[in-house]
Amino acid sequence: MTDKIKLTDMSLPGRKPLAHVENKDLMPLPYPLESPEKDHGWTALTEKVMGAVECGLDDTCALNIPQPKTKEEEDELVKKFLAGLDKLFTKENNWTFLQPLVLSMEHCAKCQTCSDACHIYEASGGNELYRPTFRSEIVRRLYFKSVKHGGVLSAWQHGDIEINWPLVARLAELAYRCNLCRRCAQTCPIGADNGLVAHELRKLFSMELGISAKECHDNGSVLQLKVGSSTGMSSLVVKDNIEFIDEDMTEKTGIKVETPWDVEGADVLLIHNAGEIMAWPENPGAFAVILNAAGIKWTLSSELAGYDSINYGLWYDDAQFARVAIKHAQAAKKLGVKKIVLGECGHAHKALSVIADRVLTGDLNIPRESSMTLLRDIVMNGRLKLDPSRNDFPVTLHDPCNMVRLMGVVEPQREVIRKICPQFREMWPHGVDNYCCGGGSGFAIMSGNNFQDWRFHVSGRKKMEQVLNAFSDCMDPSIHKYICAPCSNCKGQFRDMLAYYDMWAKQSILYGGLVELIVNCMVDAKPGFIDWEWH
Amino acid sequence: MSVLVYLALYAGAAVFVAASLVRAWMYARAPLHLRWELYPVPHEDPAKVKHGGSYFEDKDWWTHKRAYNLAGELGVMVPEMLFLKALHEFNRKLWYRSFPFHFGLYLLIGACGLLLLAALLGLFAPALMAGALGMAFHWLYTVVGVAGVALALVGAVGLLHRRLTDEDLKTYTTAGDIFNLLFFIVSFGVLCAGFLLRGPGAPGVLAMVQGLLTFNRTIEVPGLLAVGIVLCALLAAYIPLTHMSHFVGKYFTYHDVRWNDQVNLRGSKIEAKLVEYLTYKPTWSAPHVTADGKRTWADVATTNPWEGAKK
Chain F
1 MTDKIKLTDM SLPGRKPLAH VENKDLMPLP YPLESPEKDH GWTALTEKVM
51 GAVECGLDDT CALNIPQPKT KEEEDELVKK FLAGLDKLFT KENNWTFLQP
101 LVLSMEHCAK CQTCSDACHI YEASGGNELY RPTFRSEIVR RLYFKSVKHG
151 GVLSAWQHGD IEINWPLVAR LAELAYRCNL CRRCAQTCPI GADNGLVAHE
201 LRKLFSMELG ISAKECHDNG SVLQLKVGSS TGMSSLVVKD NIEFIDEDMT
251 EKTGIKVETP WDVEGADVLL IHNAGEIMAW PENPGAFAVI LNAAGIKWTL
301 SSELAGYDSI NYGLWYDDAQ FARVAIKHAQ AAKKLGVKKI VLGECGHAHK
351 ALSVIADRVL TGDLNIPRES SMTLLRDIVM NGRLKLDPSR NDFPVTLHDP
401 CNMVRLMGVV EPQREVIRKI CPQFREMWPH GVDNYCCGGG SGFAIMSGNN
451 FQDWRFHVSG RKKMEQVLNA FSDCMDPSIH KYICAPCSNC KGQFRDMLAY
501 YDMWAKQSIL YGGLVELIVN CMVDAKPGFI DWEWH
Chain P
536 MSVLVYLALY AGAAVFVAAS LVRAWMYARA PLHLRWELYP VPHEDPAKVK
586 HGGSYFEDKD WWTHKRAYNL AGELGVMVPE MLFLKALHEF NRKLWYRSFP
636 FHFGLYLLIG ACGLLLLAAL LGLFAPALMA GALGMAFHWL YTVVGVAGVA
686 LALVGAVGLL HRRLTDEDLK TYTTAGDIFN LLFFIVSFGV LCAGFLLRGP
736 GAPGVLAMVQ GLLTFNRTIE VPGLLAVGIV LCALLAAYIP LTHMSHFVGK
786 YFTYHDVRWN DQVNLRGSKI EAKLVEYLTY KPTWSAPHVT ADGKRTWADV
836 ATTNPWEGAK K
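These protein sequence lines are chains F and P, in that order. Each residue of the first sequence is one higher than the one before, starting from 1 at the first, in our numbering. Each residue of the second sequence is one higher than the one before, starting from 536 at the first, in our numbering.
So that you can see chain P by itself, here it is in the shape it has in the complex:
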């Protein structure tokens, strides 16, 4: 049983990381698009961010040195990532469900990190973990983990309830959307049940993680808990294959689209990219485009099919 659990966990983690990276790589290698920013752009001058202004508000803006306001960007990014600030501001009803769900997931990830750290310390510095530090770790990952699962579970049930009952959402809800939420609920539900119902002789969570790291086949993972863990591993592998991978997509929608106000200066890297794109050969069929698969974007853009024609 333990081997199956270990394999599922390793495979789940590997697919999660690989699929997320592939997705990120796909977005990152897309050509630099035309500018499409939305204001406010938080890395602008703080005085401008207040009202959503840009460097275009400065006379002769191209003669000014632009400072990158990292603090401003972090000031928006961190509350957005941790607390779903946009949802809080624009869709409070959904936030009451979505925030516990997402924050629960963060806590769960945090608990996994703590467990991994505690397991590694236990393996390589057992003396260090024998005393108060070990106890502190124990309480910390237990509290964070239990809180995480509970919040995520409550959030997922809330989200499912809303999706099934809210008229505005029903039209757009697919079978897949229901399945996705049910997958969370069942996985976390079984994990919780397995954890709570484990027998008195069952190995502790730390021992199981150490078993995972050392591939210790003598560890006996209780049946229900094993099912919960395997389900969670499958869930982890499934998430980046769906639109739920917005933790990847969101980086690009914010940094590469909404906030991308990089200026194309003569001789810049941006200009070099554009020069390359202008050699692409479009195949749009409408006659006015004058694209035939042989002419480049530069040819198309500098062609005026109507120049000299009478009105």
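So here's chain F without its partners, still in its complex pose:
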């Protein structure tokens, strides 16, 4: 590891990375990943990348910000950054988060209580750069210096920082070294929120400078608003895919499966994360099996964005967030459904249920509900015939931060699992004290340059430790083990991370959603819905 870095290092001229982490620096993992020497090496950034984009922060690069060619260009970018910083503290531009942001700026006691709560800081072996307050403290100093126009006295009281392009470029990258899980905020004795500061920084860069992660913006919210889904599926394509899934599910379960589309006046508009349709078709398929069997009057929508609950704006841009949330509500309004039910996607849960609650007004304010609640109602009220012995294998539950700590949907999924999985075991800690999967806030879809190395070695490490500990009593490749992750984004992270460490081949650890477990034990369905194959 590099020497302990200082806040002022962020302004150092040049593009030499401030922090470097090696496997031996990282938090140790339990068996069978206990040896740092046997862990994968880190892919170095190429000379080409290093020479073209800003990567002066650490071992990776998430944003690919082109290097300015001239000093004038740099100064212009710094000027824009400072203009954006000012805007963050005006109600006209940022009524959405002004009050919590100002509170976090003005009341952090710098006690570092939050550091121990951060999985990234812990997994990195305590690298100063990844301490939750490191980023916030820079922003705080900028706030007092630039926004509040603090002079010498303010610098003495709050600390000073030199404002230049290297600082701004590093800060942009640093905004993408936080999963926005807000576990740190939960432990803050004062209520300051470092996750919010990272979120607001991302917003500043996106909404003022047009700088954001390509995967979240160009290939995410823009694509969704352009064609209807960030997967790139148009409504025609998605209908085709669902038809194929219906056929496949019919064959697999022996139950005729038909997904209803655009049913006016339906009780439920189900919106999946469209990534499920592409990557894990058995998930939307299982939903269809369950809802039909339970006699729910439900529908999917083929409206623009109405079939994809993704709302990446949640992580970086208020305008993009509001646009997509309104599209979701408009789709529901058009069909006149009684409620929107969100499929297994954590960020979609929080985006439409919690955050959009203060965006949607009038007849767009249509009730939104978690699928966890609906599934609990179906399972616990005996609306399906279930045989838990079909799920007699070790199962653990991952709590998606957006669904649990940030929304309070904790028990419904547990009630279902306790009923249908005889070998259920919790991870520790769990519930509202859970750890992020490491893919939160867009990381699961971000893989440019060598970013994956960072998210497996650092941001996902704590979750990997939790999974291995949860299954420590059955670390035998002949025993199939199942991580239930009722969130598309988290599943993406598990898929990539388990593959990286070869945990399916070596330890038979599979991941999947909740509905798959339910259909797997439905008496009316053919046995073996979960096929125990890597995908």
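Simulated from the structure, these hints should not be mistaken for lab results. Just to be clear, a hint being listed does not mean it is correct.
[Claimed, not checked] Here are the simulated DSSO-like cross-link-like pairs (lysine-lysine), alpha carbons at most 27 Å apart as the crow flies:
1. F:79 - P:829
2. F:4 - P:705
3. F:334 - F:297
4. F:419 - P:594
5. P:804 - F:24
6. P:829 - F:91
7. F:148 - F:6
8. P:804 - F:338
9. F:339 - F:385
10. F:110 - P:705
11. F:419 - F:256
12. F:4 - P:628
13. P:816 - F:80
14. F:91 - F:148
15. P:829 - F:385
16. F:110 - P:628
Small disclaimer: the values here were computed from a predicted structure and weren't measured.
Got chain F; can you put chain P on it based on the hints?
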């Protein structure tokens, strides 16, 4: 000398109250932000608070009447305010220093309240204070005050020691942070010394407070004690001008952010506020936002710059 002490005390108290109120007013008048709560939210249904659940766990939650669990909220607030429960749970090393410091301050405030009450009773009902009640008050404010100063002093020294020696804290410690703690230590230290070293003929604390209330210039406040009192008055005026005003900020971070799970219902006051905010005119510069200072948030949010564009 006594006039200077009185003026300092009145001015210190006035600045403390005014600056705290201004700060609270600034936070309170900020627009209602998007929801950003963190669970557990203690005013939820007690059965849900146990596991950190919310009303979102109920099927058709919007059809249920929500009860506000005040007892649950108080159950978290009171231990947090009095005993710094979060710090105790998540940062025990710091709690050993921070708790005596804060609890000492509470005791000091309590002692000041008792003194004020005793002084007022002494002025308006001297007969009542002549006997056992007066004696009880005397012992009470003396014990509470001495314990308060001692605890606050020990805590402040502990906090300063940690800030200067703990590697995790050093990077983030500014000159101002050191000054703030030194200000406490010196003020309380001088106050203690002044109190302990006051001469045999010096007026009692109660007499001094009565002198303050009646502006009695015949009271002779001993020099060192007067310096201690003036320093404490300056400290009181200084606190709300700094991040140490978290006694104000914390109310908002907890009630307005962490625990604010108020639902926006159609036709509600919340909705009326949102309708107003949607008329604000942002000036964000990135082209995709389509803000030009003339278009409102409603315009921006309902604009899809890519609708109809080919992939």
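query: Taking each numbered hint in turn, which are not upheld by the structure, reported in ascending numerical order?
result: 5, 15
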